[in-house]
Amino acid sequence: MEMNPETIKALLDAFEVSDWQEMTITIGSDRLHVSRDGTTTSPAPDPVQHPPDPPPPPQAAAAPPVQSPRPSPPASSPQAAAPMAAPEGTAIESPSVGLFWRAPAPGAPPFVEVGARVAADETVAIVEVMKLMNHVVSPVAGVVTAIPVENGEAVEYGQPLVFVVPEG
Amino acid sequence: MTALRRVLVANRGEIAVRILRACYDEGLETVLAVSAADRQSLGAQLADRAVTIGPAAATESYLDVDRVVAAAVTTDCDALHPGYGFLSERPELAEACAENGIRFVGPSAEAMRRSGDKASARDLARDLGVSIGAGSGIVETETEAHAVGADIGYPLLIKAAGGGGGRGMRLVEDPNDLAGAWAAASGEAAQAFGDGRVFIERYVRRARHVEVQVLADAHGNVVHLGHRDCTLQRRYQKLVEEAPAIGLPDQLTADILSAATRIIGALEYEGAATCEFLVDSERDSYAFLEINARLQVEHPVTEMVTGRDIVREQLRIAAGNALSFAQEDVTYAGHAIEVRVNAERPERDFMPSPGTLTKWATPVGTDIRVETACYPGWTVGPDYDSLLAKVVARGEDRPSAIARARHALRHLRVEGVSTTVPFALDVLADPAFVSGDIHTRWLEEQFLPHWTPPEEPV
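For the protein sequence lines, the chains are A and B, in the order given. All the letters of the first sequence, read from the start, carry residue numbers 0 to 167 under numbering that gives the first Met the number 0. All the letters of the second sequence, read from the start, carry residue numbers 0 to 457 under numbering that gives the first Met the number 0.
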């Protein structure tokens with residue numbers, strides 16, 4: 000058995016008719032994490048590429064309400080169940096606490112989109128620390144597989160911002 | 000005047016935990032800024048929320064003004080407590096807080112500059128009629144240094160105008176060493192504080208270090224909480240502190256307390272401050288040394304004998320409230336002693352002894368406070384200072400405080416790192432310490448050369 004569109008569909012169907020709140024399935028190196036209300040009780044770990052100790056998401060009990068860091072459920076997903084497969088590739092982490100910006104200026108096109116090719120040392124995002132714009136660059140050439148942070152969101156040091164699968 | 004709601008604690012270790020506790024007492028929400036090395040710290044577990052601001056290196060975390068303020072802004076804090084050390088006496092932090100609508104728990108940047116610059120603080124003290132001892136203003140050239148040396152005599156001390164902690168400080172016994180020491184002190188000060196200005200003062204051979212705790216609010220109230228003695232030092236690092244100071248003649252005591260409140264009162268200062276004085280035991284005279292514009296490591300001894308909570312008062316002052324008591328309400332009960340327990344090996348020149356605490360249990364009692372961020376399993380890393388805990392004991396008089404401190408130290412259960420506890424037990428039992436007949440260099444010159452470390456455990 001492998002993780003392919005058919006098995007994912009079958010697993011989601013099974014989840015939908017169950018009374019579970021959350022489900023994590025690992026097949027080989029692939030992992031599927033699903034939860035009903037879009038939140039998770041445990042981070043969705045990547046067994047290979049993640050740092051051993053991922054920082055907590057930036058909002059917690061005492062925090063002001065901020066936008067959800069989780070991607071919205073795809074339109075095709077059944078009801079509220081949001082597939083949360085851990086992103087593939089190398090995590091590019093935030094160099095500091097600050098604000099995450101996807102574009103060089105408001106209204107400008109984003110540095111990268113999911114699916115885009117990036118060169119090594121290419122800027123993929125900015126983390127702003129008190130008006131100081133820190134360019135976040137990709138350490139490798141590859142393809143962007145995920146951007147798990149919303150534009151303008153508060154981030155912490157070490158938080159994964161962009162995932163890139165190396166090429167070549 | 001608005002009440003505070005959420006405080007960012009911009010520090011680590013025991014003082015972060017101490018500030019969190021004051022926030023609990025005041026009903027305030029807390030956010031702790033941590034480095035990547037401190038994500039599992041006790042403070043990170045106790046705070047309502049911990050925010051990782053940077054890597055383990057302090058220059059990219061606890062010493063980075065922008066990151067600390069960004070952490071406060073992005074977590075919607077309305078106040079920031081800097082603790083001691085790190086950024087606590089950097090006017091840039093107070094300024095950045097003000098610019099971003101965050102109350103800095105401490106004086107304004109202007110008051111911090113006025114009080115933190117040692118040369119201008121000495122000028123202020125002199126203008127107020129406070130004794131400052133023989134010393135110079137800023138010494139800018141080697142020639143000037145020689146002229147000052149000829150005037151005040153040797154030995155003398157070169158000190159940094161921009162900071163403390165022994166950095167940028169040089170003892171000069173011989174005029175021939177002056178030029179080199181002046182250059183070295185200035186260079187070290189520039190590196191440590193970004194300010195290479197130095198001044199010179201007379202070196203007192205038998206000195207006691209006495210300081211006065213002051214609190215000042217925005218309503219013009221300036222009160223003191225009495226004095227402390229921090230004479231027991233090694234390389235200008237305090238190891239044992241007591242309240243009240245011991246063996247001070249009444250007139251000297253009155254003069255020092257009055258000097259401290261007059262100096263702080265003249266600075267338009269809001270918050271906690273400590274005025275440090277050098278007491279010349281041989282002459283029964285004193286000289287103002289400097290102002291520490293922040294909470295002090297040794298503040299608990301004052302709290303133990305006065306029953307006042309200095310950190311809670313700091314938070315009240317930052318919120319714009321008046322102090323919760325007046326000078327005439329301050330009373331003193333007994334004597335308190337604080338012993339700093341460090342992860343160090345005194346028998347090897349106090350070499351740091353990092354490691355993982357396989358055992359940690361503390362002997363807390365009604366008259367024994369243990370200020371710490373340690374817990375079983377916590378790793379004391381190489382990135383920061385080696386302070387494990389402050390063991391603070393109160394007694395009805397000094398002998399009983401010493402006895403209680405020794406009793407507490409013997410019941411501190413630590414495994415996994417070497418500590419200064421055996422050393423501290425021997426210091427506290429030494430006849431010179433017990434009689435109070437010590438001076439600032441006693442530990443290095445009298446005690447340590449004759450100290451036999453206890454057998455190392457196998």
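Note that these hints are calculated values from the structure, not bench results. Cβ coordinates follow ideal geometry from the N, Cα and C atoms, glycine included. A couple of the hints might just be wrong.
Computed, partial: chain A to chain B, Cβ under 8 angstroms [claimed, not checked]:
| id | residue |
| --- | --- |
| 1 | V96 |
| 2 | E112 |
| 3 | I125 |
| 4 | V128 |
| 5 | L131 |
| 6 | G151 |
| 7 | A153 |
| 8 | G157 |
Closest C-beta approach of I125(A) to chain B relative to 8 angstroms, hint status: With a minimum Cβ separation of about 13 angstroms from chain B (threshold 8 angstroms), the hint on I125(A) is violated.
Return the status of the interface hint for E112(A): holds when the least beta-carbon distance to chain B is below 8 angstroms, violated otherwise. Interface hint status for E112(A): violated (25 angstroms vs cutoff 8 angstroms).
Return the status of the interface hint for G151(A): holds when the least beta-carbon distance to chain B is below 8 angstroms, violated otherwise. 11 angstroms, violated
For the restraint on V96(A), tell me whether the closest CB of chain B is nearer than 8 angstroms. At 4 angstroms from the nearest chain B Cβ, V96(A) passes the 8 angstroms test, so the hint holds.
The hint names A153(A) as touching chain B; please verify it with the least Cβ-Cβ distance against 8 angstroms. OK, holds: A153(A) within 8 angstroms of chain B, min 4 angstroms.
Would you check whether G157(A) satisfies its interface hint, that is, whether its CB is within less than 8 angstroms of any CB in chain B? 6 angstroms, holds
Interface hint compliance - V128(A) to chain B, C-beta minimum distance less than 8 angstroms: 5 angstroms, holds
Cut-off 8 angstroms, beta-carbon criterion: hint that L131(A) touches chain B: 6 angstroms, holds
In this structure, the earlier hints numbered 2, 3 and 6 are contradicted, and the remaining ones agree with it.
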